[in-house]
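Visitor: Sequence:
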Amino acid sequence: EKNYFQIEKELMTNITGSKKVMVVQLAVMTHYDQIVIDRVVKHELQVRSAMLAVISAVTEEQLMTLTFKDDLAESLKLAANEVLEQQEDFGGIEKVLFVEYLVQ
Numbered sequence: 001e002k003n004y005f006q007i008e009k010e011l012m013t014n015i016t017g018s019k020k021v022m023v024v025q026l027a028v029m030t031h032y033d034q035i036v037i038d039r040v041v042k043h044e045l046q047v048r049s050a051m052l053a054v055i056s057a058v059t060e061e062q063l064m065t066l067t068f069k070d071d072l073a074e075s076l077k078l079a080a081n082e083v084l085e086q087q088e089d090f091g092g093i094e095k096v097l098f099v100e101y102l103v104q
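Residue numbering for the sequence shown is 1 to 104, as defined by the working numbering.
Please note that the accuracy of each hint is not assured.
In the DSS-like style, the derived pairs of lysine-lysine whose C-alpha atoms are separated by at most 30 Å in a straight line are [to be verified]: (1) K69 <-> K20; (2) K19 <-> K77; (3) K69 <-> K42; (4) K9 <-> K19; (5) K77 <-> K20; (6) K69 <-> K19; (7) K95 <-> K2; (8) K2 <-> K42; (9) K9 <-> K20; (10) K9 <-> K95; (11) K9 <-> K69; (12) K95 <-> K69; (13) K9 <-> K77; (14) K95 <-> K20; (15) K9 <-> K42; (16) K95 <-> K77; (17) K69 <-> K2; (18) K2 <-> K77; (19) K77 <-> K42; (20) K95 <-> K42.
Hints were generated in silico from the structure; no laboratory data involved.
Every value quoted in this text rests on a predicted model; they were computed, and no experiment measured them.
The task is simple: from the sequences and hints, build the whole structure.
Guide: And the structure:
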C-alpha cells in the first residue's frame, strides 16, 4: 500500500545564475508504513532544508533538459532520505512528487 504525505509549505528559490525563480509544492510516497511519514513530519524542517539546498543549486541549463523534473525528483528523494537516515537510521521515501511546479 502506498502512503503519501504533502509537505506543508512550498519551496521557493532563485535559479542559480539567473533572475528566474522556482516554486515547487512537493509530496513524498512510501510503500512502508506510517512510521516513515511520521519521521518526515518529525524532521520536516531538516528535510525541507536539504530539499531547498538541492533546488537552489539548479541552473537554467538544467531546466532545459528533457529529464530535468525526473532528475530533480530523484535528487530530492536522495536528499530527504539522507536526512532520515542520519536521524532515524532508515529513509523509506521511494518517490518525490510535484504537486505544484512553477518557474518564471
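Visitor: If a hint holds in the structure, say so; if it doesn't, say that too.
Guide: Hints, verified against the model:
| no. | hint | result |
| --- | --- | --- |
| 1 | K69 <-> K20 | holds (16 Å) |
| 2 | K19 <-> K77 | holds (26 Å) |
| 3 | K69 <-> K42 | holds (27 Å) |
| 4 | K9 <-> K19 | holds (22 Å) |
| 5 | K77 <-> K20 | holds (23 Å) |
| 6 | K69 <-> K19 | holds (20 Å) |
| 7 | K95 <-> K2 | holds (10 Å) |
| 8 | K2 <-> K42 | holds (20 Å) |
| 9 | K9 <-> K20 | holds (20 Å) |
| 10 | K9 <-> K95 | holds (18 Å) |
| 11 | K9 <-> K69 | holds (19 Å) |
| 12 | K95 <-> K69 | holds (12 Å) |
| 13 | K9 <-> K77 | holds (17 Å) |
| 14 | K95 <-> K20 | holds (26 Å) |
| 15 | K9 <-> K42 | holds (15 Å) |
| 16 | K95 <-> K77 | holds (6 Å) |
| 17 | K69 <-> K2 | holds (21 Å) |
| 18 | K2 <-> K77 | holds (16 Å) |
| 19 | K77 <-> K42 | holds (17 Å) |
| 20 | K95 <-> K42 | holds (18 Å) |
Hint compliance for this structure: every hint is met.
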